[in-house]
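For the protein sequence lines, the chains are A and B, in the order given. As numbered in my numbering, residues 1 to 73 make up the first sequence, in order. As numbered in my numbering, residues 1 to 426 make up the second sequence, in order.
Calculated directly from the structure, the hints in this document are not laboratory data. Being a predicted model, the structure only gives us computed values, none of them experimental. Cβ atoms here follow ideal geometry from the backbone N, Cα and C, with glycine treated the same way. Please note that a few of the clues may not be correct.
As the list claims (entries may be wrong) - Listed next, with one range per pair, are the computed distances between beta-carbon atoms:
#, chain 1, residue 1, chain 2, residue 2, range
1, A, Ala38, B, Ala320, 20 to 26 Å
2, A, Asp68, B, Arg165, 24 to 30 Å
3, B, Pro139, A, Glu14, 50 to 56 Å
4, A, Ala38, B, Ala351, 54 to 60 Å
5, A, Ala63, B, His275, 22 to 28 Å
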Amino acid sequence: MTADTTDEKPSYEEAREELIEVVRRLETGGTTLEDSLALWERGEALATTCQEWLDNARARLDAVVEKDVSSAE
Amino acid sequence: MALDTSPEQPAPVRQIANAISGWIDRLGSVWVEGQVAQLSKRPGLNTVFLTLRDSVADISVPVTCSRTLVDSMNPPLVEGASVLVHAKPSYYATRGSLSLQAREIRMVGLGELLAQLERRRQLLAAEGLFDAARKRPPPFLPGTVGLVTAPRSAAERDVLDISRRRWPAVQFSVAHATMQGHRSAGEVMAALARLDADTAVDVIVIARGGGSVEDLLPFSDEGLLRAVSAARTPVVSAIGHEPDQPLLDLVADVRAATPTDAAKLVVPDVAAEAHAVASARERLRSITYSFLAREQAGLDALRSRPALADPRTLVDERTAELAALLARARRTVGHSLDRAVDDIGHHRARARALSPLATLERGYAVLQASNGTVLTSVDDASAGDRVSVRVADGRVHADVTAISRADQSTERPAGRPDGQEATDDR
């Protein structure tokens, strides 16, 4: 099981899909200890990526809304 | 010529009908002027039924004439046309109905006028001036609205007021022209040309209040129609009321029933538009926010799964597994050792049981030749042989001095080498 650590940042959907796959494999077990640890680390990285995407999107949205609200005052 | 009848001597219907018919015939054929109120040409029927209405009084009379007569008329007979009819009144005894039987119909005045318009309409239609393809839609939000109308007219006021109410910032360029009489067509064309030349003007409205067919005649003027058709800017025709249909309506890019409708057509209700835009923006944001919330919830769920949230479970499981394996290993080893010990003990006992040691300990000894073979009979040995005697705790080395055969009957032979107690007496 070689985690395909794509160098450029995966898209949100790709990261999310792979994260779901990682969790599924960890839960079904049957992987070696070494692989499990690798899978877990990969999971953590993917989760962080997804969170960054979401935070970024929210920030962009809030920025527009705040600007709109502030200009409305 | 009164008919003397009485309750005692009533006259039959046929007699009355004949009498009426006779009186009516005495009128003879006449020239009648009136307006065609109704005209019904049913296919396949060679008589045409029409109603002739008095141009002033509200009186009308049914007229029948032959189909060929009506069809041969050019311009064709249309409803509303004023006509001169040469007809003879006739009474149909069977149905008891009266109608004028027309032998000749001539157009006159308005009828002639309408006929002319009809001819022009057909001519221009044939030329393709009214084709839908030539029609250009006015812009949704016009820069400047050109308006051709009579100065200080109701139409002008309607268009301006309503447009401004819908969009306060609307720009107007009004070109006044008389909208009545023979000079009207020319002036409207001049005004149209002026507005058309102005590039700021994005749409031109030609507006006029209601009027009779004659009043609206200028708006069927061929020159005006061709000018409108050739105009670069889209033209909205707003002449008269809903039923009025001057030819301008057909050639214009858009036909508005009244000046008010023209205003509504040309100027969008900006307040409504602004509201629509604002609500669209609102929906946009709420949808995006809810999308983000959903994705965040999904991610949180994933992260809270034990496999990710608490990786120690992985290691713990392995250590527990390890401990279990270790314990099992030890247990199995322990068991096999025990078994081995038992086994050894068992074998030792067996060996001991089998080994002659116990016998030796009871005083017996085993005589072996120098080569180690066990001597069981005197025949195997001879004087001078070197022998060894295996006693319980070791060996005695000796030389054979003499051989003497044991008495068969009195002496029991020495113990058997296999350590088996000789139970069988010889």
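Results of checking the hints against the structure:
{"no.": "1", "hint": "A:Ala38 x B:Ala320: 20 to 26 Å", "result": "holds (21 Å)"}
{"no.": "2", "hint": "A:Asp68 x B:Arg165: 24 to 30 Å", "result": "holds (29 Å)"}
{"no.": "3", "hint": "B:Pro139 x A:Glu14: 50 to 56 Å", "result": "violated (46 Å)"}
{"no.": "4", "hint": "A:Ala38 x B:Ala351: 54 to 60 Å", "result": "holds (58 Å)"}
{"no.": "5", "hint": "A:Ala63 x B:His275: 22 to 28 Å", "result": "holds (25 Å)"}
The structure does not agree with numbered hint 3 stated previously, though it agrees with all others.
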